[in-house]
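**Student:** Position in the sequence shown (first residue = 1) + 1491 = our numbering.
No wet-lab data here; the hints were simulated from the structure. Glycine included, each C-beta is placed from N, C-alpha and C at the ideal position. Wrong hints could be hidden among the right ones.
Label-pair restraints from in silico Cβ distances [what the hints assert, rightly or not]:
id	residue 1	residue 2	range
1	1645	1608	33 to 39 Å
2	1564	1660	35 to 41 Å
3	1529	1660	32 to 38 Å
4	1568	1649	39 to 45 Å
5	1589	1517	19 to 25 Å
6	1662	1517	30 to 36 Å
7	1672	1590	39 to 45 Å
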Amino acid sequence: MRKLIVSEFVSLDGVIQAPGGKDEDRDGGFEHGGWTWSYWHDDIGQTFAAMMKDADALLLGRRTYVTHADAFEPMAPGDPFGDMMNAPKKYVVSRTLKEPKWRNTTIIRENVIESVRALKAQPGKNILTDGSSQLVHALLEHDLVDELHLLLYPLTLGSGKRLLPEGVHATFELMSAIPYPSGVVGLHYRRQRS
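Make a model of the complete structure from these sequences and hints.
**Tutor:** Okay, here's the thing in structure tokens:
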């Protein structure tokens, strides 16, 4: 069985909304887009690249998928980050996306939970999900998440989309905690199931 890994940038108060850009996601009047920028350190990128070596699929919600596709699909071959992000198979959960915007994409329109279970049962490497708050909530609610890779940022945002949905009770084992020079802490958790 393939592992499904959720990788998120998260504030101390659990917000995952719009870490990458000012206008990335203004839902709910969110005004703090791009809140991770001042904390970047190259070691964070190296950790992400190491995680991507063990993944051959990305599972994303529509908004995250479109943001990623717009950023990575145009990158010329030979760009290390572009090559890393463009190589895996992509699965996007969307009822409104008409056609793929990014190479190697399958659109999941219906039976999302069953489709993800089937995807996990296929041979292959890890499946990685980032952003995609609604999708991540559904995956956690249906106990489909095997690992959490969280980058915990030393700030609070006060409001915004949260990592964890209400009502989910689950136990995770801490596998590692890596402090970065910028004050970010990388936390790797594995789901404990009886």
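**Student:** If a hint holds in the structure, say so; if it doesn't, say that too.
**Tutor:** To see whether the hints hold, each was checked on the structure:
no. : hint                      : in the structure
1   : 1645 <-> 1608: 33 to 39 Å : holds, 37 Å
2   : 1564 <-> 1660: 35 to 41 Å : holds, 39 Å
3   : 1529 <-> 1660: 32 to 38 Å : holds, 35 Å
4   : 1568 <-> 1649: 39 to 45 Å : holds, 42 Å
5   : 1589 <-> 1517: 19 to 25 Å : holds, 24 Å
6   : 1662 <-> 1517: 30 to 36 Å : holds, 35 Å
7   : 1672 <-> 1590: 39 to 45 Å : holds, 43 Å
In terms of the numbered hints stated before, the structure departs from none.
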